Amino acid sequence: MLHTYYSVAALNMIAFAGFFTIFLFSIPKKSRATWNLAIAFLFYTAMAVAYFLSAAYDEPVLAFHRWQTVLGTFFGCMFIGLFYLSFPRPVRGWIYWGFFGIISVLSVLLTANFAWHTLDAPRIFHFKGHYWDFDAEPASLFVAIWILGYIILYSIPAFYRMFKEKGLARIGSIGVYISFILAVVAPAIANALSRDGAIDRGLFQTLWVTMGVLGCFVLLIIYVSTSGEKSNLLSRIFAISLATILLAIQAISYPVFQEKEKDFDKIYYQKAETVLLDSNRRPEELRYVSHYDPETESIGLDFSRLEESPVSGNWKREYLNAALRRGLRESTNPSAYLKQASLEPFQAGYADFIIAHPDQTVDQL
Numbered sequence: 017m018l019h020t021y022y023s024v025a026a027l028n029m030i031a032f033a034g035f036f037t038i039f040l041f042s043i044p045k046k047s048r049a050t051w052n053l054a055i056a057f058l059f060y061t062a063m064a065v066a067y068f069l070s071a072a073y074d075e076p077v078l079a080f081h082r083w084q085t086v087l088g089t090f091f092g093c094m095f096i097g098l099f100y101l102s103f104p105r106p107v108r109g110w111i112y113w114g115f116f117g118i119i120s121v122l123s124v125l126l127t128a129n130f131a132w133h134t135l136d137a138p139r140i141f142h143f144k145g146h147y148w149d150f151d152a153e154p155a156s157l158f159v160a161i162w163i164l165g166y167i168i169l170y171s172i173p174a175f176y177r178m179f180k181e182k183g184l185a186r187i188g189s190i191g192v193y194i195s196f197i198l199a200v201v202a203p204a205i206a207n208a209l210s211r212d213g214a215i216d217r218g219l220f221q222t223l224w225v226t227m228g229v230l231g232c233f234v235l236l237i238i239y240v241s242t243s244g245e246k247s248n249l250l251s252r253i254f255a256i257s258l259a260t261i262l263l264a265i266q267a268i269s270y271p272v273f274q275e276k277e278k279d280f281d282k283i284y285y286q287k288a289e290t291v292l293l294d295s296n297r298r299p300e301e302l303r304y305v306s307h308y309d310p311e312t313e314s315i316g317l318d319f320s321r322l323e324e325s326p327v328s329g330n331w332k333r334e335y336l337n338a339a340l341r342r343g344l345r346e347s348t349n350p351s352a353y354l355k356q357a358s359l360e361p362f363q364a365g366y367a368d369f370i371i372a373h374p375d376q377t378v379d380q381l
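The sequence shown begins at 17 in my numbering and counts up one residue at a time.
Please keep in mind that the hints were generated in silico from the structure rather than gathered at the bench.
Heads up, a few of these hints could be off.
[Unchecked claim] BS3-like mimics (lysine-lysine), calculated; alpha carbons at most 27 angstroms apart, straight line:
{"id": "1", "residue 1": "Lys45", "residue 2": "Lys180"}
{"id": "2", "residue 1": "Lys46", "residue 2": "Lys182"}
{"id": "3", "residue 1": "Lys287", "residue 2": "Lys332"}
{"id": "4", "residue 1": "Lys332", "residue 2": "Lys282"}
{"id": "5", "residue 1": "Lys45", "residue 2": "Lys182"}
{"id": "6", "residue 1": "Lys332", "residue 2": "Lys355"}
{"id": "7", "residue 1": "Lys46", "residue 2": "Lys180"}
{"id": "8", "residue 1": "Lys276", "residue 2": "Lys287"}
{"id": "9", "residue 1": "Lys332", "residue 2": "Lys278"}
In this text the structure is predicted, and so the values were computed from the model without any measurement.
Use the sequences and the hints to build the structure in full.
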């Protein structure tokens with residue numbers, strides 16, 4: 017098990033969402049709205065578990081965590097929609113159960129479609145996010161677009177409640193929706209942008225956890241204050257206190273682990289440079305040395321202690337990014353270099369970002 021900021025942050029998200037789930041399920045004589053909210057957070061907790069396992073263990077098979085996160089996202093959004101169909105009072109039964117039946121079937125079909133397209137897909141390691149994923153961007157982008165569609169779908173009853181209800185019910189509807197924007201909408205947009213190459217997956221992971229914790233915190237305070245559920249005062253104080261502590265842990269863990277990772281990377285960057293400069297230097301911890309030939313677009317091995325070749329076709333992307341980075345560092349005008357360079361589709365988002373920030377160096381970006 018390898019702990020990084022991503023694994024610790026996901027673990028914090030498990031504690032946060034899991035505690036909120038238990039708190040909602042423990043409310044006596046809970047309303048249908050609370051039931052739906054509790055189930056939605058149960059799926060959210062399952063997603064956090066999947067992200068934790070993928071970040072803590074370096075195993076290609078953990079790319080299949082995406083199946084769980086896709087399923088959890090669709091069903092979590094569905095129960096958020098059902099929450100608004102039940103808060104502060106339930107709608108007619110045929111509307112509620114019709115929504116439940118149609119969206120359940122659609123969610124299963126969308127998840128099955130994603131599973132079918134990724135079952136035999138190659139697996140790649142996202143170094144920025146410290147996790148394994150499927151090399152199936154079209155399928156992932158398709159899911160990301162549908163997630164945004166689900167958000168629009170449950171926003172319809174949410175806006176209906178916000179405009180129709182009065183008093184605490186309206187405040188609760190608005191507050192809960194704001195918390196969902198933080199916990200769900202912002203990460204969903206970041207997910208779609210990351211699949212399009214506009215931002216990297218590491219930034220998406222950071223946004224998903226940070227905004228998720230913040231959104232859960234806001235939701236807990238607002239819902240406890242406006243729902244009218246009969247939870248005792250002591251449990252409310254305990255819930256809000258624990259949520260505050262977990263939020264503080266989330267804020268502290270990011271800079272601490274970022275500095276540790278930078279120090280760790282710096283040590284191995286120096287060792288790698290030494291190995292590349294001195295072909296006779298082969299320390300015991302060195303497993304292999306590979307190179308990329310841009311003319312033949314092939315990856316070869318210069319040295320290996322492994323019984324099987326570690327070379328993967330997915331490494332090409334990393335080599336192309338390294339070549340682009342070297343070209344940018346050597347160029348006196350990075351923007352002009354990017355406009356003339358022959359870029360791969362997945363590099364377009366990075367190029368647009370660098371051109372839009374001419375005042376920053378490549379190392380700062």
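Consistency of the hints with the structure:
1. Lys45 <-> Lys180: Given that 27 angstroms is the threshold and the Cα spacing comes to 26 angstroms, the pair holds.
2. Lys46 <-> Lys182: holds, 22 angstroms
3. Lys287 <-> Lys332: The given pair, whose Cα atoms are some 22 angstroms apart, holds under the 27 angstroms limit.
4. Lys332 <-> Lys282: Holds: Lys332 and Lys282 sit about 23 angstroms apart, inside 27 angstroms.
5. Lys45 <-> Lys182: holds, 24 angstroms
6. Lys332 <-> Lys355: The given pair, whose Cα atoms are some 22 angstroms apart, holds under the 27 angstroms limit.
7. Lys46 <-> Lys180: Given that 27 angstroms is the threshold and the Cα spacing comes to 23 angstroms, the pair holds.
8. Lys276 <-> Lys287: holds, 17 angstroms
9. Lys332 <-> Lys278: Given that 27 angstroms is the threshold and the Cα spacing comes to 24 angstroms, the pair holds.
In this structure, none of the earlier numbered hints is contradicted; all agree with it.
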